[in-house]
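Chemist: Sequence:
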Amino acid sequence: MTSMDWSASLGVRVIAGTEFTAAGYYGTQLGLMDFKRLDRVLNKALSTASERARANALGKTRFVKRSGIIGNSVQSTELAPIPVMKAVVEAEFSIDPRSIDAKRITDFTCSAAQAAKAFHPDVKRVELVVNSDVSRQIFASSEGAYIDQSTCSSGGTVFVVAQNGKGGSPADLYHHTGNQLGFEAVSEGKNAHNKDLQAFSVQIADEAVKLANAQPAPKENRPVTVVIDPDLVALFAHEIIGHPSELDRAIKMEAGYAGRSWFFQDLTHTMVGKRVGSPLLTAFSDPTLRGGYGYYLYDDEGTPARRVTHIQNGIYRDFMNSRQTAHVARVKPNGHFKANDASVVPLIRMSVSAIAPGKSDPIKMISEVKRGYYCVGHRIPSISESRENFQIAPRLIYEIRNGELGRIYRDGRVTADSKDFFLSIDAVGNDFTVFPIPNCGKGQPMQAKPVGNGGPSVRGMARIAQGEYR
9 MTSMDWSASL GVRVIAGTEF TAAGYYGTQL GLMDFKRLDR VLNKALSTAS
59 ERARANALGK TRFVKRSGII GNSVQSTELA PIPVMKAVVE AEFSIDPRSI
109 DAKRITDFTC SAAQAAKAFH PDVKRVELVV NSDVSRQIFA SSEGAYIDQS
159 TCSSGGTVFV VAQNGKGGSP ADLYHHTGNQ LGFEAVSEGK NAHNKDLQAF
209 SVQIADEAVK LANAQPAPKE NRPVTVVIDP DLVALFAHEI IGHPSELDRA
259 IKMEAGYAGR SWFFQDLTHT MVGKRVGSPL LTAFSDPTLR GGYGYYLYDD
309 EGTPARRVTH IQNGIYRDFM NSRQTAHVAR VKPNGHFKAN DASVVPLIRM
359 SVSAIAPGKS DPIKMISEVK RGYYCVGHRI PSISESRENF QIAPRLIYEI
409 RNGELGRIYR DGRVTADSKD FFLSIDAVGN DFTVFPIPNC GKGQPMQAKP
459 VGNGGPSVRG MARIAQGEYR
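If you read the sequence shown in our numbering, its first letter stands for residue 9, the second for the next number, and so on.
Honestly, the hints are just simulated from the structure, not real lab data.
It is possible that some hints are incorrect.
Here are the simulated DMTMM-like cross-link-like pairs (lysine to aspartate or glutamate), alpha carbons at most 20 Å apart as the crow flies [stated by the list, open to error]:
no., residue 1, residue 2
1, K68, E262
2, K203, E135
3, K218, D180
4, K111, E27
5, K125, E192
6, K198, D326
7, K372, E412
8, K198, E396
9, K260, E192
10, K125, D141
11, K198, E262
12, K260, E135
13, K111, D42
14, K378, E135
15, K125, E135
16, K73, E135
17, K132, E59
18, K52, D42
19, K282, D180
20, K111, E151
21, K52, D294
22, K340, E407
23, K372, E407
24, K203, E192
25, K174, E228
26, K132, E192
27, K282, E135
28, K111, E86
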């Protein structure tokens with residue numbers, strides 16, 4: 009089934025108050041009739057957000073008066089200063105999604121799904137979802153900013169179930185490819201996988217067949233050498249570094265679903281300036297980096313985007329922030345305050361969060377291993393509340409014996425304490441890649457947002473755990 013739709017939304021933030029200042033928000037979805045009376049819609053939005061800001065400010069004042077010493081923790085809502093910008097940012101694409109008719113997309117999607125299904129008799133089921141869209145965001149502030157920013161994204165997600173003819177357990181896989189481009193991202197292979205959607209779907213079908221015929225992963229009670237490919241490293245960058253480097257989570261302003269941060273206990277007990285990994289480990293978030301999703305030049309406060317170095321040669325350095333959290337932490341805003349659309353309150357979100365490339369040859373990183381495992385691709389992680397330890401499932405696990413790849417295992421997990429694993433890193437590859445992540449979730453109600461994550465091959469020490477993936 010193929011469909012085309014459009015949506016529009018509006019969001020307003022007002023900061024007001026006397027003894028204390030506070031923020032008030034208003035957001036709504038817009039229909040066609042709203043554009044015929046847009047002045048009234050805007051006036052209502054402004055007045056409602058103003059009323060809420062004043063009510064929240066008054067609530068602060070009342071709380072301070074009745075709470076004694078606890079009230080000393082209450083602060084006014086203040087925004088760290090930023091350059092006031094006026095800019096127009098055009099979307100980048102070769103094939104405009106709006107120029108493609110429904111039949112072409114349907115035929116394209118069905119052809120890719122059929123190729124994956126026909127790949128091998130063990131492939132029992134294939135589902136494929138393709139999306140391509142153009143979005144435009146207009147940001148204006150009372151400080152004088154006016155930013156008109158457009159983006160284009162296209163991607164496809166393939167789901168494959170395989171089972172061998174011997175009655176073995178089914179193997180199910182899904183994976184996503186795409187880019188912040190037009191339809192060419194999936195039709196011409198302009199993505200991190202360098203494959204069009206049909207070739208990518210066949211690759212996932214091939215992996216599912218291998219898994220359906222693989223033995224369960226062995227259990228390693230002690231840490232062993234693991235070489236992790238860039239696709240799986242992208243998930244490490246997302247879960248173990250990216251989420252805990254969001255400053256609203258770190259200072260407990262937003263801890264729903266995704267938890268808190270192992271880099272930050274409170275304002276006087278943080279890992280900033282302390283060693284959290286090997287000298288070979290550097291990690292960052294950079295909204296100006298292309299290759300997956302998460303690219304932009306201005307965030308939803310009009311802050312110019314810039315790279316934030318989280319870990320530099322193993323030492324923790326900095327968090328992603330908003331203007332409000334930057335004021336609290338007494339640092340400069342770095343442009344990571346983003347919302348799913350204008351109708352919801354922005355949160356501090358990853359842009360393109362990644363582990364930086366090193367100098368090692370990925371092939372040599374494997375050939376130097378006497379005994380260990382090569383872990384390829386990512387599935388669903390299981391992460392502790394503050395990300396201080398993890399259990400992450402690769403799609404494929406290869407045994408390494410005397411520097412060569414051996415048998416393939418299924419249903420295994422890589423598990424370790426985060427700091428121990430990062431300290432154990434003894435090689436970082438030169439094969440840096442940024443991948444599209446279609447659904448990073450955060451907030452209550454949850455906002456699922458596409459971001460980019462990446463990295464090179466990484467070698468370190470971890471345990472291999474068993475457990476069938478569901």
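Chemist: Hints first: check each against the structure and report whether it holds.
Modeler: For each hint, the structure was consulted:
1. For the hint pairing K68 with E262, the CA-to-CA distance comes to about 19 Å; that is within 20 Å, so the pair holds.
2. With a CA separation close to 18 Å, the supplied pair K203 and E135 stays within the 20 Å bound.
3. A C-alpha spacing of about 11 Å is found between K218 and D180, which places the hinted pair at or below 20 Å, so the restraint holds.
4. With a CA separation close to 61 Å, the supplied pair K111 and E27 exceeds the 20 Å bound.
5. For a cut-off of 20 Å, the pair hint linking K125 to E192 is broken: about 23 Å separates their Cα positions.
6. The hinted pair formed by K198 and D326 fails the criterion: a straight-line CA distance of about 32 Å is larger than 20 Å.
7. For the proposed pair K372 and E412, the alpha carbon gap of about 10 Å is at most 20 Å, so the pair holds.
8. The straight-line distance between the Cα atoms of K198 and E396 is roughly 36 Å, outside the 20 Å bound, and the hint therefore fails.
9. In summary, the hint linking K260 to E192 is not supported, as the alpha carbons are separated by about 41 Å, beyond the 20 Å threshold.
10. Taking the CA atoms of K125 and D141, the gap is about 27 Å. The hint is violated against a cut of 20 Å.
11. Distance check on the hinted pair: K198 and E262 sit about 36 Å apart at the alpha-carbon level, beyond 20 Å; violated.
12. In summary, the hint linking K260 to E135 is not supported, as the alpha carbons are separated by about 39 Å, beyond the 20 Å threshold.
13. Taken as a hint, the K111 and D42 pair is broken in the structure, with Cα atoms around 32 Å apart against an allowance of 20 Å.
14. Annotation: proposed proximity of K378 to E135 is violated, straight-line Cα distance about 40 Å (limit 20 Å).
15. A hinted pair counts as satisfied when its Cα atoms are at most 20 Å apart, and K125 with E135 qualifies at roughly 9 Å.
16. Taking the CA atoms of K73 and E135, the gap is near 59 Å; set against the 20 Å cutoff, the hint is violated.
17. Taking the CA atoms of K132 and E59, the gap is about 57 Å. The hint is violated against a cut of 20 Å.
18. Taking the CA atoms of K52 and D42, the gap is about 12 Å. The hint holds against a cut of 20 Å.
19. Straight-line distance between C-alpha atoms of K282 and D180 comes to about 41 Å, which puts the hinted pair past the 20 Å bound.
20. For the hint pairing K111 with E151, the CA-to-CA distance comes to about 47 Å; that exceeds 20 Å, so the pair is violated.
21. With a CA separation close to 36 Å, the supplied pair K52 and D294 exceeds the 20 Å bound.
22. Between K340 and E407 the alpha-carbon distance is near 46 Å, which puts this suggested pair outside the 20 Å criterion.
23. A distance of roughly 16 Å separates the Cα atoms of K372 and E407; the hinted pair therefore holds under the 20 Å criterion.
24. Between K203 and E192, the direct Cα distance comes to roughly 11 Å. Compliance with the 20 Å bound is thereby established for this hinted pair.
25. Our distance criterion of 20 Å between C-alpha atoms is broken by K174 and E228, whose separation comes to about 28 Å.
26. Of the pairs offered as hints, the one joining K132 and E192 is violated, with about 29 Å between alpha carbons and a cut-off of 20 Å exceeded.
27. For the proposed pair K282 and E135, the alpha carbon gap of about 46 Å is over 20 Å, so the pair is violated.
28. With a C-alpha separation of about 51 Å, the suggested pair K111 and E86 falls outside the 20 Å cut-off, and the hint is violated.
Checked against the numbered hints given earlier, this structure breaks hints 4, 5, 6, 8, 9, 10, 11, 12, 13, 14, 16, 17, 19, 20, 21, 22, 25, 26, 27, 28; the rest are met.
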